[in-house]
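J.: Each chain, letter by letter, is given below.
There are 4 protein chains.
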Amino acid sequence: MALRKGKDYIEALRDGRRVFHAGRQIDDVPSHPGFAGAVTTIASLYDLQHSSELGPTMATTWEGQPISQGYFPPRTAGELVAKRRNVEVWAERTFGVMGRMPDFCAQLTVGMLDAADVLGEADPRFGENARAYHRHCALNDLCLTHALSDQFYDRSKRASQQKDPDLILHVVRETPQGPVVRGLRNLATLAPISDEVLVYTIPPRQPDEPDYAIAFAVPMNVPGLTIICRDLYAEYADPERLPLSARFDEVDASLFFDDVVVPWERVFVYRNPALLARFHGLISPWSQYSTLSRLLVKLEMTIGVADLLVEWAGHAKDRDIQVRIGQLVSDTEVLRACLIAGEVGAYPSRSGYLMPKLSPAYRVHSVDASDRVERLVQEVLTSSLVLTGGASDLDNPEIGHIVERFFVNNAPSTRDHLRLLAVAADMVQSAFSGRNTLYERLQSGEPDGWRVRAAGIDRSAVHARLLHFLREGWAV
Amino acid sequence: MALRKGKDYIEALRDGRRVFHAGRQIDDVPSHPGFAGAVTTIASLYDLQHSSELGPTMATTWEGQPISQGYFPPRTAGELVAKRRNVEVWAERTFGVMGRMPDFCAQLTVGMLDAADVLGEADPRFGENARAYHRHCALNDLCLTHALSDQFYDRSKRASQQKDPDLILHVVRETPQGPVVRGLRNLATLAPISDEVLVYTIPPRQPDEPDYAIAFAVPMNVPGLTIICRDLYAEYADPERLPLSARFDEVDASLFFDDVVVPWERVFVYRNPALLARFHGLISPWSQYSTLSRLLVKLEMTIGVADLLVEWAGHAKDRDIQVRIGQLVSDTEVLRACLIAGEVGAYPSRSGYLMPKLSPAYRVHSVDASDRVERLVQEVLTSSLVLTGGASDLDNPEIGHIVERFFVNNAPSTRDHLRLLAVAADMVQSAFSGRNTLYERLQSGEPDGWRVRAAGIDRSAVHARLLHFLREGWAV
Amino acid sequence: MALRKGKDYIEALRDGRRVFHAGRQIDDVPSHPGFAGAVTTIASLYDLQHSSELGPTMATTWEGQPISQGYFPPRTAGELVAKRRNVEVWAERTFGVMGRMPDFCAQLTVGMLDAADVLGEADPRFGENARAYHRHCALNDLCLTHALSDQFYDRSKRASQQKDPDLILHVVRETPQGPVVRGLRNLATLAPISDEVLVYTIPPRQPDEPDYAIAFAVPMNVPGLTIICRDLYAEYADPERLPLSARFDEVDASLFFDDVVVPWERVFVYRNPALLARFHGLISPWSQYSTLSRLLVKLEMTIGVADLLVEWAGHAKDRDIQVRIGQLVSDTEVLRACLIAGEVGAYPSRSGYLMPKLSPAYRVHSVDASDRVERLVQEVLTSSLVLTGGASDLDNPEIGHIVERFFVNNAPSTRDHLRLLAVAADMVQSAFSGRNTLYERLQSGEPDGWRVRAAGIDRSAVHARLLHFLREGWAV
Amino acid sequence: MALRKGKDYIEALRDGRRVFHAGRQIDDVPSHPGFAGAVTTIASLYDLQHSSELGPTMATTWEGQPISQGYFPPRTAGELVAKRRNVEVWAERTFGVMGRMPDFCAQLTVGMLDAADVLGEADPRFGENARAYHRHCALNDLCLTHALSDQFYDRSKRASQQKDPDLILHVVRETPQGPVVRGLRNLATLAPISDEVLVYTIPPRQPDEPDYAIAFAVPMNVPGLTIICRDLYAEYADPERLPLSARFDEVDASLFFDDVVVPWERVFVYRNPALLARFHGLISPWSQYSTLSRLLVKLEMTIGVADLLVEWAGHAKDRDIQVRIGQLVSDTEVLRACLIAGEVGAYPSRSGYLMPKLSPAYRVHSVDASDRVERLVQEVLTSSLVLTGGASDLDNPEIGHIVERFFVNNAPSTRDHLRLLAVAADMVQSAFSGRNTLYERLQSGEPDGWRVRAAGIDRSAVHARLLHFLREGWAV
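Top to bottom, those sequences are chains A, B, C and D.
Count along the first sequence from 1, then add 253; that gives the number in our numbering.
Count along the second sequence from 1, then add 253; that gives the number in our numbering.
Count along the third sequence from 1, then add 253; that gives the number in our numbering.
Count along the fourth sequence from 1, then add 253; that gives the number in our numbering.
In case anyone wonders, no lab produced these hints; they're calculated from the structure.
Quick caveat, the model's predicted, so the values are computed rather than measured.
Take the hints with a grain of salt, since some may be wrong.
[Unchecked claim] Negatives, chain C to chain D, calculated, CB over 12 Å:
{"hint": "1", "residue": "255"}
{"hint": "2", "residue": "385"}
{"hint": "3", "residue": "604"}
{"hint": "4", "residue": "700"}
[As the list claims (entries may be wrong)] Taking lysine-lysine pairs in the BS3-like style, the calculated list, with each CA pair at most 27 Å apart, reads:
{"hint": "5", "chain 1": "C", "residue 1": "410", "chain 2": "D", "residue 2": "570"}
{"hint": "6", "chain 1": "A", "residue 1": "410", "chain 2": "B", "residue 2": "610"}
{"hint": "7", "chain 1": "B", "residue 1": "416", "chain 2": "C", "residue 2": "570"}
{"hint": "8", "chain 1": "B", "residue 1": "410", "chain 2": "C", "residue 2": "570"}
{"hint": "9", "chain 1": "A", "residue 1": "410", "chain 2": "C", "residue 2": "410"}
{"hint": "10", "chain 1": "A", "residue 1": "610", "chain 2": "B", "residue 2": "570"}
{"hint": "11", "chain 1": "C", "residue 1": "416", "chain 2": "B", "residue 2": "570"}
The beta-carbon is built from N, C-alpha and C at its ideal position, and this holds for glycine as well.
Full structure from sequences and hints, please.
T.: The following block contains the structure:
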């Protein structure tokens, strides 16, 4: 029971999990070139928790045990901000492009600890399970993912009325050890290289479909679980050409549960559509805080990349460029303001933890900002994003001198220039970036859904003032 | 020396000022139908400072004297927030559509007090003048405007090289009483109904054109000053059809200075291009705080108007409507976050006052929000914004019953419905609203200028981190 | 039976029609300042039909009688283009801002002639009525309007289920002379100054609400009809300040039918929801052609206004300006291409007339172009749109010389400059312009409705090609 | 001298050209996995010219010789449209994603034939060279590319003033065989798999830098030429996962000219900045016609992909979906209108060929449409674009049955579904798609440049009409 080291994280991935890609099973996940980059990155960050320089920022003590900041349930403003600072440390070392690093789901378990009382109202065991699960993950410094989406289904029909009843994950029977579940879950980011998976759902289930209303957790090697991956962007990526893909691809996956037995102590919501509908709302504010903090770092680093490249191209002072960079900076500073406001407005949750007050509006802004950054960086860097030479050409005796001489512009060195251009392309043109744009936009549900949530904010005081004006006249 | 009463404000406007509109001189400004509405509104707000309910919010004590909150130079967080609350009181009673109410320029004089040391470096008199002017305005509870723009000029030429050398305001000679100035200033909002005008400029003057580099203040009835107004939207406005135009039109004007003698004690920058260039930057953060606070109220009230009307039309729950309302709410909540962040980050100015920390990014967001609100409200209310019947039809014996019966929809009463529709149209379709949209967008300079300013925010730490990555490798 | 003269049009408006505005009945419509401008404009265009220069363009011969081009049912490409040229003549003289000039509804009666066979399938009388109505209007050179929208109603309920059954226009009983109708119609543009009104509807009626499914025409002075106008923008408009408002305001109105008897020979669809649903689709392509042709002229003239003003302000060559002007020009040229494509693709209608082939896509583009033009002109002209001095100031002895000298910039004369600035403001800032923006956007139904219609275009050939690829492989 | 066969095209690529990628030289271009897909595709299209079904559409006769339609200089409307139909055939088989297929540059040589007289004015040899080059390419049915952009250079300095004088391609000396050129050219799409390259430039050269002002052509194996490629998206692409990348990646490259001798008979502009500035303008309208025709097919096919996928997901009828699909259809139909208008307005060029009249506006629209299609398809397909299972999983015994059963939705078969999802992702999410979006936006210069060109369209007639209004009054 201690803060994890990188090698422990890596070894734990060799647990017999069944991972498939492009019709082939992956023999050894941590060493496979599709995963090695992200695994190494996460491992090095685990190690960083033990460094004298950053350890105190990344780790803390809870109930006498050392844990990662991500798992800490804050009660004071200082503790809350310490959690943000931890996110920044992780994000600054990964360009903010890893959305599902351990910190993200750690926050969800804090949410479960916070929501334990509510879960316990349905059944005291579930409240205890939630508390115990947070403790288990925190003390073992686990790396989790979650899986919320149903796979390809007929959107004109309900969960229980799909042509194939097994399509959507559901309870098929009970055993003394726990319920047996069957069906698919989609887009479990990081699943192949995480320790466990939290399973619940966002789309509502109807009162008459309780079998589809369950929340639980299982390790990735649980019998019956199959993990099917999307394209592994890192697999053939030259680290000099696709530096982010090579190092930071978290990989998304579908999970097929083929009659998996979920231990009772890992069940948090069971055949309870009403409670499941509340579950996500109760725990997600904690992870939103992490997400917005990470995105802020990503925006800052993206602007920095654009800054240096336009400087090196000799047109940093062009008004067109400045206006676009200025829009990016504005989006970033406004997001920072949202985080500050969320911290200032933090309030004690029902369990007495200090909950940041994050308006759905902040999510709307952050998605817009994320979408704009891609387009604006493209407009600023234009065709230089289609990079012909790369730093890997420099050592070739036939063309190295050509690339060295002619691909430098005003950069300090050709290598600097090519590496930064590669970063830029991997941020706004590569497959990795295409997927990341979608991830930022969709990871908490479709953006218009957040607008509808924002529309639900109470405005009755304004309405009353308006009616007063209409009736009592306009005299002040 | 006391908080002003409404009637004192009104009487002070009868000071011999020369105001023209559409080729005719205005005999009595406060009673002219083009001004009476706004004058009455401002007067009633001056009176409100004396009310037991809101007086304590709107007024305070400074150096032992009662003054309006607008003139108070804050030193604590509580004092800063009290200033915001005062803006809200004024704005809530005017739908946030009056951008140049006394509070706005009062903040600028606080800025002058704050900047007095800097001004005094050029000439100790100017520092003293700035302090004295703040005191004069505060203790007399004056209503000021400012005039920053040059009138129609050739944008391809400098200030001193225009075809007509008198076009742009400049010093023509000196007298013992003070410098004599000649030329035009444009878009002095509220000028016909304010007490005095602050004159300075945003566009830079070159080192070799000192005559064009001056900042000063004069009363509106100073000899030689002519005030030429744009269309008076209130002049023929039916208060039931154009309720905002009728009550809140501040009127914009050009000011012609025909050899006006500016008393030395009202000169703040004199023939000093470098200092003038700093002047606006030193004082405008104070008024920005007021502007953003007011705009927040305006957005809230606009959303409220849309809310009630879609509710009464029976489609408040349509997803299309909810998405658009949700965008409006998001823009509003994000602006609120900006203000909160500005307050949290407030820092002591050079003179020891507490200065809100307002990023140019907040201005970029607020302009975008203001532009979007117009369009979104149009999309939500569509053709109902072209209102045929109005509350003024209700008393007509021939059509009153028709309008009463058929123009009600689900509103509590037809009168409520018609009045609120009239408010909506006056917010996004009338000439008043057209001008207001431009005002919000342009009042602090063109939006892209703010983007360029945002681009100037220091990002060297991010640049250093990126260069480190490029050179030292990506290992964490 | 001949081409009309302006004075005949004017006199015909003195027919006892009941027109109300702001709670007052209008005594004499053509001389009332709220209508006189538009009436004079339309009258002068009627007169222009008799001029030697433009008469041959504006008028033609049909069945041996001289008629306006608008009423001519074309059978050849040349005849079709002649109709476009006629629209251009009307629009070029009115800046393209009058959307409901006689030509517009004339095209609808051509559509009724074309659709007569379809109408006759329900009842042969209705087919004959349609043909006779076209002939009646054409030979008398009438100025019509139409009224398609229901007034304020609960959008969550059907037409026949509104709280007040009389709210929505419907048949209340039959008489030997014809059906008796009761209820409101909204946004009958031009109604106070047109000869007759065509009444039908776009929103579908259900099979079980036949009383709400009727199409007919009546003159504006029919007993029982009350016309209630929106604000009359021309009423107090200084023609030097609001030159478009003063001359071109068509005025929108609500029509209240208080048990109006519709003569049987003016009934085109009767208690027939299915047929009514087709009616609009059958006739509106003819008026779309007119609308797009007119809008093209409007866009051209708006760009011209912006061109001259930026030239006179000395920044026509700035890249920012050129990019925005270039966007406006692009939108315009693309609209021109749409019209050309519509003419090239023209095909014989069921009745043998030559019908322009206008994709709903062209409407989507034209609405986007119209929305953009407003914003782009605002961005190009910025605060000069809030015009302080006007040409009406030039004759004032006190300020005339100031305005003359300082409001000229590089324009040929101050008067030119001020008049063109006034045109610009009346195009993108005045109440008139605010209403016009809404008119262009909404006059044929909400823009997203047109997108949905565009989505309905057949694409089965592409689908087949894709399925072939999926199954047969990609070999060419 | 005949229409080429696929195998001849392939063999011709084995000509000793020096092609590098990621620091390694490519041994055999046509068989290398990074090129084989595109080579096979182009070869099969060459073969298709010989088919009985499509041969007559793809080929024609010129001066008695069979040639590809792309090389035919049209003189009649029918001949012009035949060229469009040929583009459609090529594009329909390649999803419209190959922008540099042989047809594209073939049109440029038609432009050179057309411009020969102008080139001959500088030196009669150059006119003859242009005619001979078109004949050479047409009769040998060659596949060309062009290279117009300078590589990384300091944008604040002129071509001749860069730090390294050899950076930008220029003449270093003359020999009897021809001039010797040195320097880099960037983004020669298709260069590794084309026969020859046309070299000229868009950015203007100054009168005093004639060495930088040259246009010429050389084969890809000319001594001294080095080709450096960007990432080869096809190299490791699973054709079931990245079907477009695998088949259609044209590859972009930089070309380094290390003292290449250009034969005099391949020189078209020589040390002539003024003529070079005209060169692009003279020939590019011909290729624009090809580009817009291809893009139309691409848009149609992209919409088709979205259509089928939303149908199979059961939400094709949702209004949100319909509105977005409708926008895509509108953009497409408007582009079609532009092409029709270009054909209708076609006019005889100076050499008597029939030149389509393509406004720069059409390019502005097509770029906007291309940008929107990416975003709208993303909004419609959301997270299904991050595809986990693929058709290549179907044969795996462990997971094939899972994918077969659960990845089908309402598609006719799982294989259909997975393949079409793969196409969709390769259109809007993959690296290939990211580069294609940039290609469409930038391939003819930055979009704002086209807006500036559109701004240059003559509008003097409208200006005259406006001035007439201002001065003569508004009477019609």
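J.: Against this structure, judge whether each hint is valid.
T.: Hint by hint, here is what the structure shows:
Even its closest Cβ contact with chain D, about 20 Å, leaves residue 255 of chain C beyond 12 Å, as expected for a residue assigned away from the interface. The non-interface label for residue 385 of chain C is consistent with chain D: the shortest C-beta to C-beta separation is roughly 32 Å, beyond 12 Å. Against chain D, the non-interface label of residue 604 of chain C holds: every CB pair exceeds 12 Å, the least being about 25 Å. The Cβ of residue 700 of chain C does not lie farther than 12 Å from every Cβ of chain D; its closest approach is about 9 Å, which violates its non-interface assignment.
Simply put, residue 410 of chain C and residue 570 of chain D have alpha-carbon atoms about 22 Å apart, close enough for the 27 Å limit, and the pair holds. Distance hint between residue 410 of chain A and residue 610 of chain B is unfulfilled; the C-alpha atoms sit about 52 Å from each other, more than 27 Å. Note on residue 416 of chain B and residue 570 of chain C: the hinted pairing holds, with a Cα-Cα distance of about 19 Å set against a maximum of 27 Å. Taking the CA atoms of residue 410 of chain B and residue 570 of chain C, the gap is near 13 Å; set against the 27 Å cutoff, the hint holds.
About 26 Å separates the Cα atoms of residue 410 of chain A and residue 410 of chain C, which keeps this hinted pair within 27 Å; it holds. Among the hinted pairs, residue 610 of chain A with residue 570 of chain B is consistent with the structure: their alpha-carbon atoms are about 26 Å apart, no more than 27 Å. Of the pairs offered as hints, the one joining residue 416 of chain C and residue 570 of chain B holds, with about 19 Å between alpha carbons and a cut-off of 27 Å not exceeded.
Checked against the numbered hints given earlier, the structure breaks hints 4, 6 and satisfies all the rest.
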